[in-house]
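There are 2 protein chains.
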Amino acid sequence: MTDRIRDFLRARRDMGQDEGPVMVLDLDVVRDNFTAFARALPDTRVFYAVKANPAPEVLRLLAEMGSCFDTASVVEVEMALASGATADRISFGNTIKKERCIGRALKLGVRLFAVDCEAEVEKISRAADAAGIEAGEVQVFCRILCDGAGAEWPLSRKFGCVPEMAVDVLEHACRQGLHAYGVSFHVGSQQGNIEAWDGALASASTIFRECADRGIALSMVNLGGGFPTKYLKAVPGVESYGDAIFRALTKHFGNQLPETIIEPGRGMVGNAGMIEAEVILVSKKSDAEDEIRWVYLDIGKFGGLAETMDESIRYAIRTEHDEDRMSPCVLAGPTCDSADVLYEKVPYPLPVSLSIGDKVLIEGAGAYTTTYAAVAFNGFPPLQQYVI
Amino acid sequence: MTDRIRDFLRARRDMGQDEGPVMVLDLDVVRDNFTAFARALPDTRVFYAVKANPAPEVLRLLAEMGSCFDTASVVEVEMALASGATADRISFGNTIKKERCIGRALKLGVRLFAVDCEAEVEKISRAADAAGIEAGEVQVFCRILCDGAGAEWPLSRKFGCVPEMAVDVLEHACRQGLHAYGVSFHVGSQQGNIEAWDGALASASTIFRECADRGIALSMVNLGGGFPTKYLKAVPGVESYGDAIFRALTKHFGNQLPETIIEPGRGMVGNAGMIEAEVILVSKKSDAEDEIRWVYLDIGKFGGLAETMDESIRYAIRTEHDEDRMSPCVLAGPTCDSADVLYEKVPYPLPVSLSIGDKVLIEGAGAYTTTYAAVAFNGFPPLQQYVI
Chain A
144 MTDRIRDFLR ARRDMGQDEG PVMVLDLDVV RDNFTAFARA LPDTRVFYAV
194 KANPAPEVLR LLAEMGSCFD TASVVEVEMA LASGATADRI SFGNTIKKER
244 CIGRALKLGV RLFAVDCEAE VEKISRAADA AGIEAGEVQV FCRILCDGAG
294 AEWPLSRKFG CVPEMAVDVL EHACRQGLHA YGVSFHVGSQ QGNIEAWDGA
344 LASASTIFRE CADRGIALSM VNLGGGFPTK YLKAVPGVES YGDAIFRALT
394 KHFGNQLPET IIEPGRGMVG NAGMIEAEVI LVSKKSDAED EIRWVYLDIG
444 KFGGLAETMD ESIRYAIRTE HDEDRMSPCV LAGPTCDSAD VLYEKVPYPL
494 PVSLSIGDKV LIEGAGAYTT TYAAVAFNGF PPLQQYVI
Chain B
144 MTDRIRDFLR ARRDMGQDEG PVMVLDLDVV RDNFTAFARA LPDTRVFYAV
194 KANPAPEVLR LLAEMGSCFD TASVVEVEMA LASGATADRI SFGNTIKKER
244 CIGRALKLGV RLFAVDCEAE VEKISRAADA AGIEAGEVQV FCRILCDGAG
294 AEWPLSRKFG CVPEMAVDVL EHACRQGLHA YGVSFHVGSQ QGNIEAWDGA
344 LASASTIFRE CADRGIALSM VNLGGGFPTK YLKAVPGVES YGDAIFRALT
394 KHFGNQLPET IIEPGRGMVG NAGMIEAEVI LVSKKSDAED EIRWVYLDIG
444 KFGGLAETMD ESIRYAIRTE HDEDRMSPCV LAGPTCDSAD VLYEKVPYPL
494 PVSLSIGDKV LIEGAGAYTT TYAAVAFNGF PPLQQYVI
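Protein chains in written order, with our numbering: chain A, 144 to 531; chain B, 144 to 531.
Isolated chain A, as found in the complex (with noise of 0.2 Å):
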C-alpha cells in the first residue's frame, strides 16, 4: 500500500464512488521497478512484458524510461507504438501467431521474432517475403522448453521446443535468410529460486556451441520473466536475481557474454498496483460447531482474479480488523458460478470480524488482473482500474 493508493481510495469514498471492486496502480512503484531493474541487469535490456498490464499510462512511463516492449498480439504491438516506443524497442514475443498478423507486425515495423518450431520460420520468412522486406533484416530467437521447478505459477509445455531441436529450428531460420539471433527461456512466473536461471543457461550455451558448429553465430539470450512480486510471502530482491543471473551467464559463456534482455511483467507492475473489494456475505452452510465461514467477495476468479485458478496465487488481504482474531474462511467471488471460489482447498485466516459491507485490500494486484476479467460474466461489469 503506498500512500498515494491510500489517498485515492479514501477520496474515491468520500466522493461516494467506491461502487464495485477497483484496482489502483502507482505509477512511482513501477518507476521504482524500472528503475531496480535497470541497476541489477545493467548490461541487459528490458521488455516490459506488455500483457501483464497494458494501461496506457503504464506503457507511457516505460516507453520514456527507456524500456522495450515484449508483445503478445498485433493489437499489443500498436500500444506499444502508441506509447512512444519505436518498432526497433518491440519484441513479438509470442510463438503462436498468425501468418497475416506477423505480416502486419512487420509493415509495423518490428523485425524481432519468437519461433519454437520450424513452421512458424517459415511464416515468418513467408510474411517478409510477402511484405518486401530483407529476410536477413528479420531477427528470430527459439525459445526452448524449462522446468520451471520453484515457481508459483509454473509453465507448461506449451512454449518452447528441447534444446537439440531449437538448433536445427535456428538453422532452418538461417536457411530462410532470416537472422538467427538467439534462444529464449522462461524460468516460470513468480520464480522463488533465484538460481533458476542456471540450467536453463547452460542449455542455452550448449545451443550457442552446436550452431557455431553449423557456422551460425548466435549473439542473443532471452532470459524471459518470473521476477516475482510480493505476494503473502517475502521474496528475494531484483538485485538478487541479477547477481545470480550474471554468475550463471559468466560460468556458461565465459568472457564471450551475449547480449542478454529480460521481460519482467509481474515484476514491473505487480507490486505497484492494489485492488480494493467489499464483503458481500459471510455465512456459514450450517450450524455445526466447526463449520467454517464463506467470505464472498464483489471480486472473484471471473472478475480479475483468474491467477487463483488452482489457488495458484495466494495474495496477501489487508482489512480494517487486521488487530483481531484471525480464523480461516473460505473466499468466493460473487458469481453464480460454482467454480468462483479463490482459496478452499487452504483456507485463508482473516478476521473473525470481518462483516457484510467492510472493504478488503488486495495487495500485489498489478499485473495480470485487468485484462483477465471476463467481459461481462454474470452481468457484472470486467475490473475498473486508476492510474495514479
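Simulated from the structure, these hints should not be mistaken for lab results.
Where hints are given, some of them may not hold.
Some residues of chain B that are not near chain A, with every Cβ distance over 12 Å (derived) [said to hold, decoys possible]:
#1 G209
#2 G236
#3 D272
#4 A449
Straight-line distance between alpha carbons at most 30 Å, and here's what the computed DSS-like set of lysine-lysine pairs gives [to be verified]:
#5 K427/A / K488/A
#6 K502/B / K250/A
#7 K376/A / K250/A
#8 K373/A / K488/A
#9 K376/B / K427/B
#10 K373/B / K488/B
#11 K427/B / K488/B
#12 K427/B / K250/A
#13 K488/A / K427/B
#14 K502/A / K394/A
#15 K502/A / K250/B
#16 K376/B / K427/A
Cβ-Cβ distance ranges computed for the label pairs, FRET-style [to be verified]:
#17 D175/B / P492/A: 32 to 40 Å
#18 Q160/B / E454/A: 37 to 45 Å
#19 P490/B / G159/A: 37 to 45 Å
#20 T178/A / R156/B: 21 to 29 Å
#21 G252/B / D453/A: 51 to 59 Å
#22 P492/B / D290/A: 26 to 34 Å
#23 K488/B / V489/A: 33 to 41 Å
Cβ atoms here follow ideal geometry from the backbone N, Cα and C, with glycine treated the same way.
Dock chain B against the given chain A, drawing on the hints supplied.
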C-alpha cells in the same frame, strides 16, 4: 451444426470477414429447446438462466415464448426487463447479493429472491423496508446443498446450506414478515443422471414438513438447472428428465405437489451455438518418434472456452478432414499464458492432416462462452457473437 449456421459461416468467409474466432447462435434451436422443456415439464415454470447467454435476441425470443428469467445481478434483471419480460417473471437467483443491489431489484419490481443464510434474509428485509415495499409481497426461497454426483461441471459447496439449516433460514424470513416461499437446489451443471433430482427432492419434502410443523406453508420447489447439452457424449433427452423429475416429485410429495420452476441455461442455448476457430500452429516439442502434436487455436481458455478448466467440458470439434486418420494431440489457445491449454491430460484426437490455417468448428458452444471471455487478455478482443 444447423444449415442456417453453415450458410452464415460460408457467407462470412466469402465476404472475407472470417478474421478471428466467432460464435454463431441459431435462434431456431433455442425455440425448439424452450418448446421441449415446456412439453417435458408442463406444470413447471421455466426460468431461463440469463448468465448462460444474455444475448438480447435470445432474451427477446424467450420472453415472447413466455419464459421467465433467472438473474445473477441487477444488470441481468435490467436485460430481462428490456427483453419485454415483466418483473413478476424475474427471479434474483444469486444467493450473494449486495443490499443495495437487492434494493435496486426491488425498485425494478422483482419480488422473488434466493437466499441461503439468515444474513441474506436480513438484507432483503431491510432493503424492502427502505424501499417502502410490504415485506409480505417479497418471496424468498432457500437454496440447499446438493452433492452434484453425475455432473460434468459439478458444483462446489459455494451455494446453499444444509437442509436442517434451511428450515431455520425460512423461519427467519417468516419472522421478518417476508413470504417464505420454498426451496431450491442445483444438481450440478451438465448432469447426465436423470435420477439426480430424487435425493434433493427428498430433502425438499422434509423441509416442507418441518416448516409446516412450525406453521410455515411452503409452496414452491425450484428444481434448478443441470439439464445437459450434447458435447461429445450423447445425453438423455429432456423428456426423460421430465419423466424422472415428475416421478420423484410424486414419490416425495404424494398428491400435494408443490409449484415448481426450472432454470435451464446450458440446456436451453448450449446446442444452439457453434464456434468457428482457426488453427494457428501445429508443432512438436522434439523430434522423438512418440512425441505428441500440439495444436494451437485462435481461441482458448481466456477467449471463451473457460469451461475447459480442469478439462471439465469436452467440446466436440469438427474439421474438414474428419474422414482422415486421427491422432491424439494437445490442444491449446493463442495467448502467452501457459495455463491456456484446453486438453492435455486427456489428449484430443484430431485428423493427422489438420494444418495451419484450417478452420475448426466447436459444437455446443452456445452457453457459458461469450460472457466468460476476457476483456482484452494479451490484446485479443472478446469472442464475437452473431445471433441468427
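Here is what the structure says about each hint:
no.	hint	verdict
1	G209	holds, 23 Å
2	G236	violated, 7 Å
3	D272	holds, 17 Å
4	A449	violated, 8 Å
5	K427/A / K488/A	holds, 17 Å
6	K502/B / K250/A	holds, 26 Å
7	K376/A / K250/A	violated, 44 Å
8	K373/A / K488/A	holds, 22 Å
9	K376/B / K427/B	holds, 29 Å
10	K373/B / K488/B	holds, 22 Å
11	K427/B / K488/B	holds, 17 Å
12	K427/B / K250/A	holds, 29 Å
13	K488/A / K427/B	violated, 35 Å
14	K502/A / K394/A	violated, 50 Å
15	K502/A / K250/B	holds, 26 Å
16	K376/B / K427/A	violated, 37 Å
17	D175/B / P492/A: 32 to 40 Å	violated, 51 Å
18	Q160/B / E454/A: 37 to 45 Å	holds, 41 Å
19	P490/B / G159/A: 37 to 45 Å	violated, 53 Å
20	T178/A / R156/B: 21 to 29 Å	violated, 50 Å
21	G252/B / D453/A: 51 to 59 Å	violated, 41 Å
22	P492/B / D290/A: 26 to 34 Å	holds, 28 Å
23	K488/B / V489/A: 33 to 41 Å	violated, 22 Å
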